[in-house]
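Note that the protein sequences, when read in sequence, are chains W and U. Read in order, the letters of the first sequence are residues 1 to 85 in UniProt numbering. Read in order, the letters of the second sequence are residues 1 to 131 in UniProt numbering.
These are calculated hints, taken from the structure and not from any lab test. These figures come from a predicted structure and were not determined experimentally. Backbone N, C-alpha and C define an ideal beta-carbon position, used for all residues, glycine too. Be aware that one or more of the hints could be misleading.
Unchecked claim - Derived lysine to aspartate or glutamate pairs resembling EDC-like cross-links, with alpha carbons at most 20 Å apart:
1) W:Lys26 <-> U:Asp87
2) W:Lys10 <-> U:Glu75
3) U:Lys67 <-> U:Asp52
4) W:Lys44 <-> U:Asp87
5) W:Lys50 <-> U:Asp87
6) U:Lys67 <-> U:Glu105
7) W:Lys26 <-> U:Glu101
8) W:Lys10 <-> U:Glu99
9) W:Lys26 <-> U:Glu53
As the list claims (entries may be wrong) - From the structure, some residues in chain U lie toward chain W, with a derived Cβ separation under 7 Å:
10) Glu75
11) Leu89
12) Val92
13) Leu104
To be verified - In silico negatives: residues of chain U with every beta carbon more than 12 Å from chain W:
14) Glu53
15) Asp90
16) Lys113
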Amino acid sequence: MVARLSGIQKQVLSFYRSVIRTARAKDTDLRDQILRHARQELDKRRGIEKRNVLLIEHYLRKGKKQLEVLQDSSVQGIGTFTRSG
Amino acid sequence: MALRSLAGSIAKSVVQTMGVSGPSALGAGRLRLGQAALFGLRGYADAALTKDEVTARVLEVVKNMEKVDPAKVNEESCDFTKDLGLDSLDTVEVVMAFEEEFQLEIPDDEADKIASCQQAIEYIAQHPMAK
Numbered sequence: 001m002v003a004r005l006s007g008i009q010k011q012v013l014s015f016y017r018s019v020i021r022t023a024r025a026k027d028t029d030l031r032d033q034i035l036r037h038a039r040q041e042l043d044k045r046r047g048i049e050k051r052n053v054l055l056i057e058h059y060l061r062k063g064k065k066q067l068e069v070l071q072d073s074s075v076q077g078i079g080t081f082t083r084s085g
Numbered sequence: 001m002a003l004r005s006l007a008g009s010i011a012k013s014v015v016q017t018m019g020v021s022g023p024s025a026l027g028a029g030r031l032r033l034g035q036a037a038l039f040g041l042r043g044y045a046d047a048a049l050t051k052d053e054v055t056a057r058v059l060e061v062v063k064n065m066e067k068v069d070p071a072k073v074n075e076e077s078c079d080f081t082k083d084l085g086l087d088s089l090d091t092v093e094v095v096m097a098f099e100e101e102f103q104l105e106i107p108d109d110e111a112d113k114i115a116s117c118q119q120a121i122e123y124i125a126q127h128p129m130a131k
């Protein structure tokens, strides 16, 4: 049987699904960019402790805001700034 | 006889509401109805995927996932986490790939329950919209 998912886990997975749905509506290049970016960001936060719900919710809200921007059909591409050194 | 005239009057009123007249238009209307019935049947036939077909396509989708070792995929032991070493995010990706392959939308609470090929096959095989 499936490992029982907590409420917050379900929310994150549901959010990831809506990201993938949004990506599907875009052209191939942008779709791949979105999928790669989403997965990267999620993987970055893999280490967050399960019980740290506040922090997870914080990132979830951040992600949802980004997703809203992406859902706009005028988005051409996405990029991120990384700190060097 | 009475039935036929009833049918005739219905056909006439249908033609009138469609804003066309004359016997040829009536014929065209009939043709259209016939085609609709045909497509209806076809849709039904498409919907009835055989379990073997679903199984083959599900396994194919799973094998094509980036993180999956195709050699490990077989019908009997195909738990996404235990047998294939996928995490919950990978599982989301797999289930979304099923959605694309079978042209359906799996709601969140159903998608959360799919954790192996067998569960996916069962769900898709009984899904009326799966293509």
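Evaluation of the provided hints:
1. W:Lys26 <-> U:Asp87: violated, 26 Å
2. W:Lys10 <-> U:Glu75: Answer violated: Lys10 (chain W) to Glu75 (chain U) is near 27 Å, above 20 Å.
3. U:Lys67 <-> U:Asp52: Given that 20 Å is the threshold and the Cα spacing comes to 25 Å, the pair is violated.
4. W:Lys44 <-> U:Asp87: The given pair, whose Cα atoms are some 14 Å apart, holds under the 20 Å limit.
5. W:Lys50 <-> U:Asp87: holds, 15 Å
6. U:Lys67 <-> U:Glu105: Roughly 23 Å separates the two Cα atoms, so the pair is violated.
7. W:Lys26 <-> U:Glu101: Cα-Cα ~18 Å, so holds.
8. W:Lys10 <-> U:Glu99: holds, 18 Å
9. W:Lys26 <-> U:Glu53: violated, 30 Å
10. Glu75: violated, 19 Å
11. Leu89: Nearest chain W Cβ about 6 Å off; hint holds.
12. Val92: holds, 5 Å
13. Leu104: It is violated, given that the least Cβ distance between Leu104 (chain U) and chain W is near 13 Å, above 7 Å.
14. Glu53: holds, 24 Å
15. Asp90: Non-interface label fails for Asp90 (chain U): nearest chain W Cβ at 9 Å, not farther than 12 Å.
16. Lys113: violated, 6 Å
Checked against the numbered hints above, the structure violates hints 1, 2, 3, 6, 9, 10, 13, 15, 16; every other hint is satisfied.
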